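Participant: Chains as they are written, first to last, in this note's numbering: chain A, 9 to 118; chain B, 99 to 213.
Errors might be hidden in some of the hints.
[Said to hold, decoys possible] Each pair of labels, with its calculated beta carbon distance range:
hint, chain 1, residue 1, chain 2, residue 2, range
1, B, K111, A, D67, 37 to 45 angstroms
2, A, N61, B, K116, 44 to 52 angstroms
3, A, S113, B, T184, 15 to 23 angstroms
4, B, R209, A, S36, 19 to 27 angstroms
5, B, G161, A, L54, 23 to 31 angstroms
6, B, R209, A, P16, 24 to 32 angstroms
[Unchecked claim] Calculated pairs, DSS-like style, for lysine-lysine (alpha carbon to alpha carbon, straight line, at most 27 angstroms):
hint, chain 1, residue 1, chain 2, residue 2
7, B, K116, A, K45
8, B, K116, B, K153
9, A, K76, A, K65
10, B, K168, B, K153
11, B, K116, B, K169
12, B, K153, B, K169
13, B, K151, A, K45
14, A, K50, B, K111
15, A, K79, B, K155
16, A, K66, A, K30
17, A, K79, A, K66
18, A, K79, B, K101
19, A, K50, A, K76
20, A, K79, A, K65
21, A, K79, B, K168
22, A, K76, B, K111
23, A, K66, A, K45
Hint data in this document are derived by calculation from the structure and do not stem from the laboratory. Predicted model, so just to flag it, every value in this text is computed and none were measured. Backbone N, C-alpha and C fix where the C-beta goes; we use that ideal spot for every residue, glycine too.
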Amino acid sequence: GENVEQHPSTLSVQEGDSAVIKCTYSDSASNYFPWYKQELGKRPQLIIDIRSNVGEKKDQRIAVTLNKTAKHFSLHITETQPEDSAVYFCAAITGNQFYFGTGTSLTVIP
Amino acid sequence: DVKVTQSSRYLVKRTGEKVFLECVQDMDHENMFWYRQDPGLGLRLIYFSYDVKMKEKGDIPEGYSVSREKKERFSLILESASTNQTSMYLCASSLGGQGARGEQYFGPGTRLTVT
Numbered sequence: 009g010e011n012v013e014q015h016p017s018t019l020s021v022q023e024g025d026s027a028v029i030k031c032t033y034s035d036s037a038s039n040y041f042p043w044y045k046q047e048l049g050k051r052p053q054l055i056i057d058i059r060s061n062v063g064e065k066k067d068q069r070i071a072v073t074l075n076k077t078a079k080h081f082s083l084h085i086t087e088t089q090p091e092d093s094a095v096y097f098c099a100a101i102t103g104n105q106f107y108f109g110t111g112t113s114l115t116v117i118p
Numbered sequence: 099d100v101k102v103t104q105s106s107r108y109l110v111k112r113t114g115e116k117v118f119l120e121c122v123q124d125m126d127h128e129n130m131f132w133y134r135q136d137p138g139l140g141l142r143l144i145y146f147s148y149d150v151k152m153k154e155k156g157d158i159p160e161g162y163s164v165s166r167e168k169k170e171r172f173s174l175i176l177e178s179a180s181t182n183q184t185s186m187y188l189c190a191s192s193l194g195g196q197g198a199r200g201e202q203y204f205g206p207g208t209r210l211t212v213t
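Make a model of the complete structure from these sequences and hints.
Facilitator: Listed below in structure tokens is the structure:
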């Protein structure tokens with residue numbers, strides 16, 4: 009089955025700096041890559057996604073890039089704010105199966 | 099606003115007990131999912147269902163079963179709970195027609211402790 013690896017597991021940045029989280033996947037048939045944000049004690053929520061026919065997608069301060077040849081995709085958060093502090097999960101979808109990465113705990117230091 | 103609810107936020111059971119975790123969604127979603135969340139392992143898919151009475155195994159189905167008798171309700175069953183099933187269990191739902199490629203809406207989670 010699919011194997012999704014996510015790095016780093018923890019990330020601390022100063023407020024206003026950028027944060028980058030990277031994921032790799034193994035199954036070339038994967039064709040949908042969402043990112044979920046989970047604040048402490050809350051449920052995961054979708055923040056952005058990208059499909060395999062697109063290389064980059066932006067939504068205000070967040071962007072996701074996809075390199076299908078190298079089988080990796082990344083989440084970029086610019087101008088980080090304290091409310092960006094959370095655990096971020098990447099995922100890869102192959103057919104009807106949903107595979108999550110192990111999560112990145114992002115801390116934005118005011 | 100999609101609402102996914104789970105029957106309990108916290109549950110403590112003894113080894114060998116049969117455990118039922120209930121999930122209900124109110125948005126007429128076709129797809130429903132059960133995950134467990136463990137530190138360092140992220141979210142792992144246990145079972146999912148794309149229609150009533152339909153179920154498919156996820157990544158870690160061993161020790162679990164599911165039931166989907168009604169569209170809005172998806173139950174996770176631990177036939178004989180074991181200590182290694184102590185975990186946070188998250189239910190999710192999504193619109194049909196997109197397989198697993200639609201946005202998933204998560205419930206608040208059930209923290210299960212098996213002693």
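Participant: Now tell me, hint by hint, if it's right for this structure.
Facilitator: Tested hints:
1. For the hinted restraint 37 to 45 angstroms between K111 of chain B and D67 of chain A, the CB-CB distance of approximately 42 angstroms keeps it satisfied.
2. Under the hint 44 to 52 angstroms, the C-beta atoms of N61 of chain A and K116 of chain B, about 46 angstroms apart, fit the expected range.
3. A beta carbon spacing of about 21 angstroms between S113 of chain A and T184 of chain B agrees with the range 15 to 23 angstroms that was offered as a hint.
4. Taken as a hint, the range 19 to 27 angstroms is violated for the pair R209 of chain B and S36 of chain A, whose Cβ atoms sit roughly 37 angstroms apart.
5. Against the hinted window of 23 to 31 angstroms, the Cβ-Cβ separation of G161 of chain B and L54 of chain A comes to about 29 angstroms, which satisfies the hint.
6. Taken as a hint, the range 24 to 32 angstroms holds for the pair R209 of chain B and P16 of chain A, whose Cβ atoms sit roughly 26 angstroms apart.
7. Only pairs whose Cα atoms come within 27 angstroms are accepted, and K116 of chain B paired with K45 of chain A is rejected, the gap being roughly 32 angstroms.
8. Straight-line distance between C-alpha atoms of K116 of chain B and K153 of chain B comes to about 20 angstroms, which keeps the hinted pair within the 27 angstroms bound.
9. Note on K76 of chain A and K65 of chain A: the hinted pairing holds, with a Cα-Cα distance of about 14 angstroms set against a maximum of 27 angstroms.
10. Only pairs whose Cα atoms come within 27 angstroms are accepted, and K168 of chain B paired with K153 of chain B is accepted, the gap being roughly 12 angstroms.
11. For the proposed pair K116 of chain B and K169 of chain B, the alpha carbon gap of about 23 angstroms is at most 27 angstroms, so the pair holds.
12. Only pairs whose Cα atoms come within 27 angstroms are accepted, and K153 of chain B paired with K169 of chain B is accepted, the gap being roughly 12 angstroms.
13. Between K151 of chain B and K45 of chain A the CA atoms are separated by roughly 31 angstroms; this puts the pair beyond 27 angstroms, and the hint is violated.
14. Taking the CA atoms of K50 of chain A and K111 of chain B, the gap is about 23 angstroms. The hint holds against a cut of 27 angstroms.
15. Among the hinted pairs, K79 of chain A with K155 of chain B is consistent with the structure: their alpha-carbon atoms are about 25 angstroms apart, no more than 27 angstroms.
16. Distance check on the hinted pair: K66 of chain A and K30 of chain A sit about 16 angstroms apart at the alpha-carbon level, within 27 angstroms; holds.
17. Under the criterion of a C-alpha separation no larger than 27 angstroms, the hint pairing K79 of chain A with K66 of chain A is consistent with the structure, at around 19 angstroms.
18. A threshold of 27 angstroms between alpha carbons decides the hint, and for K79 of chain A with K101 of chain B the separation of about 34 angstroms lies outside it, so the pair is violated.
19. Taking the CA atoms of K50 of chain A and K76 of chain A, the gap is about 32 angstroms. The hint is violated against a cut of 27 angstroms.
20. As the CA atoms of K79 of chain A and K65 of chain A are separated by approximately 16 angstroms, the hinted pair is consistent with the 27 angstroms bound.
21. For the suggested pair K79 of chain A and K168 of chain B, the alpha carbons sit about 38 angstroms apart, so the restraint of at most 27 angstroms is broken.
22. Distance restraint check for K76 of chain A and K111 of chain B: the Cα-Cα separation of roughly 45 angstroms exceeds the 27 angstroms cut-off, and the hinted pair is therefore not satisfied.
23. Taking the CA atoms of K66 of chain A and K45 of chain A, the gap is near 16 angstroms; set against the 27 angstroms cutoff, the hint holds.
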